[in-house]
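Novice: Chain by chain, the residues:
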Amino acid sequence: GQNIDQPTEMTATEGAIVQINCTYQTSGFNGLFWYQQHAGEAPTFLSYNVLDGLEEKGRFSSFLSRSKGYSYLLLKELQMKDSASYLCARANTGRRALTFGSGTRLQVQP
Amino acid sequence: NAGVTQTPKFRILKIGQSMTLQCTQDMNHNYMYWYRQDPGMGLKLIYYSVGAGITDKGEVPNGYNVSRSTTEDFPLRLELAAPSQTSVYFCAISSVGTGELFFGEGSRLTVL
Chain A
7 GQNIDQPTEM
17 TATEGAIVQI
27 NCTYQTSGFN
37 GLFWYQQHAG
47 EAPTFLSYNV
57 LDGLEEKGRF
67 SSFLSRSKGY
77 SYLLLKELQM
87 KDSASYLCAR
97 ANTGRRALTF
107 GSGTRLQVQP
Chain B
43 NAGVTQTPKF
53 RILKIGQSMT
63 LQCTQDMNHN
73 YMYWYRQDPG
83 MGLKLIYYSV
93 GAGITDKGEV
103 PNGYNVSRST
113 TEDFPLRLEL
123 AAPSQTSVYF
133 CAISSVGTGE
143 LFFGEGSRLT
153 VL
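Sequence lines, in order, name chains A and B.
Letter by letter, the first sequence follows residues 7 to 116 of our numbering.
Letter by letter, the second sequence follows residues 43 to 154 of our numbering.
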């Protein structure tokens, strides 16, 4: 299977740091994506990891450990506009389509 | 350059009716996908296509059909609509490289 697990909801304070975890089954794994989705809108691409380690892109960073089947998305200096759902998705060997987790709904409070 | 265009954006169907969701891209990508997203859930793959004339089933294909006669268009057909098909439908395309998906704005379908 390709089960992807991530927390359903998280709450954080404006200006703080939050880490959203994602675990997946390692069989057939070929890369890990993070998408942001605001309510009523389409998902938009945030990051892609295929090798172990940390990828930094402004206030957002994403980490991958292939051997552990684990990734996280780190959001720094949280802003109210970061309130959204964050979707973890895996790429699979031999198949182009991504498999998505159920998403983590992040609420940023003042 | 509009990217991925979906129509209609909203639709209400009665049980048993049929309809087609349209998806058109102007980025000349070979790979196209249809996902559905139920409230508070992630995206589930319905069908995908790796090029004109080639389609394949995803995780949840029952009750749907697709065709891909051109690179640009990938319509999704619902036959005999059921309440379980109430969802938001996203069409997406991907490039040759990483497989990153670019999504259309979505089509919100309600079956009553």
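No lab work stands behind these hints, which were simulated from the structure alone.
Being a predicted model, the structure only gives us computed values, none of them experimental.
Some clues are possibly wrong.
Have a look at the derived ranges for each label pair, beta carbon to beta carbon [stated by the list, open to error]:
id	chain 1	residue 1	chain 2	residue 2	range
1	A	M16	B	Q64	34 to 40 angstroms
2	A	S33	B	I96	23 to 29 angstroms
3	B	G82	A	T19	29 to 35 angstroms
Far from chain B by the CB rule (all over 10 angstroms, computed), these chain A residues [said to hold, decoys possible]:
id	residue
4	T50
5	L93
6	R111
Where a beta carbon is used, it is the ideal one built from N, C-alpha and C, also for glycine.
Novice: Give a verdict on every hint.
Specialist: Tested hints:
1. Between M16(A) and Q64(B) the C-beta distance comes to about 36 angstroms, which sits within the given range of 34 to 40 angstroms.
2. Distance hint for S33(A) and I96(B): a CB-CB separation of about 26 angstroms, consistent with the stated range 23 to 29 angstroms.
3. Hint check: G82(B) to T19(A), Cβ distance near 23 angstroms, so the stated range 29 to 35 angstroms is violated.
4. Non-interface call for T50(A) relative to chain B: violated, since the shortest CB-CB distance, roughly 8 angstroms, does not exceed 10 angstroms.
5. Interface exclusion of L93(A) from chain B breaks down, the closest Cβ pair being 6 angstroms apart, not more than 10 angstroms.
6. Residue-level check failed: R111(A) sits 8 angstroms from the nearest beta carbon of chain B, not beyond 10 angstroms.
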